[in-house]
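Residue-level listing of the chains:
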Amino acid sequence: MHYRSTSYTIFQIVNYVLIGVLSLLCILPLLHILAVSLSSREAATANIVNFWPVGFTLAAYEQTIGNENFLRALMIGFQRTILGTIVSMSIITMAAYSLSKSNLRFQGRNIYAWFFIFMMLFSGGLIPTYLVVTKTGIYDTIWALVIPSAVNVWNMILMLNFFRNLPGELEEAALIDGAGHFTTLFRIYIPVSLPAIATMTLFTMVFHWNSWFDGIIYLTKLQDYPLASFLHTVVVKENFNEVGVDLENLQQISNRTVKASQIFIGALPILLVYPFLQRYFVKGIVLGSVKE
Amino acid sequence: MAATEPSPTLHPPTLQRKSSGKKFISYWRKTWPLHVLLLPAVVIALIYNYTPMFGIIIAFMDYRPWLGFSGSPWVGWENFEYLFGYRDARQVIWNTVLIASLKILMQMFVPVIFALLLNEIRIIWYKRTAQTLVYLPHFLSWVILGGIFVDILSIRGGIVNRFLGVFGIEPIFFLANGDWFRITVILSDIWKDFGFSAIIFLAAIAGINPALYEAAAIDGANRWQQVMRITVPGIMPIFIVVVTLSLGRVLDAGFDQIFNLYNPLVYEKGDIIDTFVYRVGLQGAQFSFATAVGLFKSVIGFILIVISYRMAYKWAGYRIF
Numbered sequence: 001m002h003y004r005s006t007s008y009t010i011f012q013i014v015n016y017v018l019i020g021v022l023s024l025l026c027i028l029p030l031l032h033i034l035a036v037s038l039s040s041r042e043a044a045t046a047n048i049v050n051f052w053p054v055g056f057t058l059a060a061y062e063q064t065i066g067n068e069n070f071l072r073a074l075m076i077g078f079q080r081t082i083l084g085t086i087v088s089m090s091i092i093t094m095a096a097y098s099l100s101k102s103n104l105r106f107q108g109r110n111i112y113a114w115f116f117i118f119m120m121l122f123s124g125g126l127i128p129t130y131l132v133v134t135k136t137g138i139y140d141t142i143w144a145l146v147i148p149s150a151v152n153v154w155n156m157i158l159m160l161n162f163f164r165n166l167p168g169e170l171e172e173a174a175l176i177d178g179a180g181h182f183t184t185l186f187r188i189y190i191p192v193s194l195p196a197i198a199t200m201t202l203f204t205m206v207f208h209w210n211s212w213f214d215g216i217i218y219l220t221k222l223q224d225y226p227l228a229s230f231l232h233t234v235v236v237k238e239n240f241n242e243v244g245v246d247l248e249n250l251q252q253i254s255n256r257t258v259k260a261s262q263i264f265i266g267a268l269p270i271l272l273v274y275p276f277l278q279r280y281f282v283k284g285i286v287l288g289s290v291k292e
Numbered sequence: 001m002a003a004t005e006p007s008p009t010l011h012p013p014t015l016q017r018k019s020s021g022k023k024f025i026s027y028w029r030k031t032w033p034l035h036v037l038l039l040p041a042v043v044i045a046l047i048y049n050y051t052p053m054f055g056i057i058i059a060f061m062d063y064r065p066w067l068g069f070s071g072s073p074w075v076g077w078e079n080f081e082y083l084f085g086y087r088d089a090r091q092v093i094w095n096t097v098l099i100a101s102l103k104i105l106m107q108m109f110v111p112v113i114f115a116l117l118l119n120e121i122r123i124i125w126y127k128r129t130a131q132t133l134v135y136l137p138h139f140l141s142w143v144i145l146g147g148i149f150v151d152i153l154s155i156r157g158g159i160v161n162r163f164l165g166v167f168g169i170e171p172i173f174f175l176a177n178g179d180w181f182r183i184t185v186i187l188s189d190i191w192k193d194f195g196f197s198a199i200i201f202l203a204a205i206a207g208i209n210p211a212l213y214e215a216a217a218i219d220g221a222n223r224w225q226q227v228m229r230i231t232v233p234g235i236m237p238i239f240i241v242v243v244t245l246s247l248g249r250v251l252d253a254g255f256d257q258i259f260n261l262y263n264p265l266v267y268e269k270g271d272i273i274d275t276f277v278y279r280v281g282l283q284g285a286q287f288s289f290a291t292a293v294g295l296f297k298s299v300i301g302f303i304l305i306v307i308s309y310r311m312a313y314k315w316a317g318y319r320i321f
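Note that the protein sequences, when read in sequence, are chains A and B.
Using UniProt numbering, the first residue of the first sequence is number 1, and each one after it goes up by one.
Using UniProt numbering, the first residue of the second sequence is number 1, and each one after it goes up by one.
Hints are computed from structural coordinates only; laboratory data are not their basis.
Only a predicted model underlies this, so the values are computations on that prediction, with no experimental measurement involved.
We treat Cβ as the ideally placed atom computed from N, Cα and C, and that holds for glycine.
A few of these clues could be false.
[Claimed, not checked] Have a look at the derived ranges for each label pair, beta carbon to beta carbon:
| # | chain 1 | residue 1 | chain 2 | residue 2 | range |
| --- | --- | --- | --- | --- | --- |
| 1 | A | T57 | B | F84 | 38 to 46 Å |
| 2 | B | V166 | A | E42 | 33 to 41 Å |
| 3 | A | R105 | B | L105 | 43 to 51 Å |
| 4 | A | L170 | B | P210 | 31 to 39 Å |
| 5 | A | I10 | B | L265 | 39 to 47 Å |
| 6 | B | K127 | A | P167 | 46 to 54 Å |
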């Protein structure tokens, strides 16, 4: 910057403060919940906790970890995330490989492409989808959370664009050496596309970990709920009738520190994968700047 | 499908003279793995995305689960007439359009202004840290954030009301008063996503040729003039794309968010089409009426998306792929 003026300096100072405040605003709610979860029950009830624990104790976490229902939901949450990610990523990668071929080499590609685009733009809506899920035998099983959402057209498009940008010589060389499409995909495309696959995998994992609504409508028993659905029902909605707990348990659940600890544990996996996700965005932005 | 003529390099002239049956066999021999690789995606999409599209016929029936599709009586447009005559349903459509439009308006301007301001930050670590922090809420689900907001906005000692109390402001019923509920929904939505939405503008800014700024500086342009004459025009195309594409979301007021924040006290002003379909359709078991409401939303949404994609293509040359 060659040009300096008083007004620009004043702007800079205001701008730095503003950006700082905005950034803090984005994590203060989370810090507050963390502080509440680590505070003593008395301090939380007296509403004196701000962003630092008052009367530090791990009691809320001990109680949460000791809660069988919570632990089961946590495990089902992990199970759903792993299963859903494997299923969805396999289906998307295979389809994206075929769709990444040009019209010349793969007649019929356009028909498939429009087939998927149309379903991205139009849907039958909640009730018909619900009726189909109940009639196909996956209702009330973990597959109801995995299969209907497995074909993510958006991720498929991102993946096929990545495949398309790979040098064509790679595939030609493989074909000349006698490799078929399966060999090309599994032995050449997938190994060189690890950055794209890692990004899509992380997105899919975040999607599955955060999904809660399908658990509520497709599963009938609270004991089968993955963590996100469990948290919605027990922590956010305080739907005690469905939980069927006795009065003593009800007091425990309504305890603010325990609730806070459950919410924080629900966010924890995201906070753990976030640094990896974040790295890829920065990369993407740098790539964007190299391009003219 | 004019472009799908076999290319000469892949199909030598000798092959092209073969009969159509032989041509098909040769095509199939070359491409069957591609069809096989697409098969799982196609099967799942047919079952769980296309079958429900035919299921929308129950919007024209009085569907009874125990009678099934064939046994339930046809009622024509009755469900739709009910929808437009039913006061609650009209209110729900109005709520949806109002909340969604205000969200779109906020999402139009806040991210772009934030990106412009962030671009003026020269200390790299400060900028990086800010980016890391503002992207984060985008990845947390509304279940987690719903839990957090219900706690911090609580009327009895929620941290926000305690903070406002410092300035002598009476506690506000954020989630129990319809008008405040709408404001909370719109503000928390922008809070969650403004950082992440800014990425696309930051990328556009990074793509502007630095030589333009140097030339402007030599010509004596100050920073403000540089921003207005170079940066703003530079991100205009992507801004137009974002604005036109957002048109398609006018009936999407954010199911996840509202479902996790609302309660019976604010149904009147907070209920949107999606939450209404859930409550009336699944909880109230009025399958046909709720499907009619959902179909209304799908059709309008589809038309709006098609229009907005065409506009984005016309004005900014944007295509999905």
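Checked hints:
{"no.": "1", "hint": "A:T57 x B:F84: 38 to 46 Å", "verdict": "violated (57 Å)"}
{"no.": "2", "hint": "B:V166 x A:E42: 33 to 41 Å", "verdict": "violated (23 Å)"}
{"no.": "3", "hint": "A:R105 x B:L105: 43 to 51 Å", "verdict": "holds (46 Å)"}
{"no.": "4", "hint": "A:L170 x B:P210: 31 to 39 Å", "verdict": "holds (34 Å)"}
{"no.": "5", "hint": "A:I10 x B:L265: 39 to 47 Å", "verdict": "holds (46 Å)"}
{"no.": "6", "hint": "B:K127 x A:P167: 46 to 54 Å", "verdict": "violated (34 Å)"}
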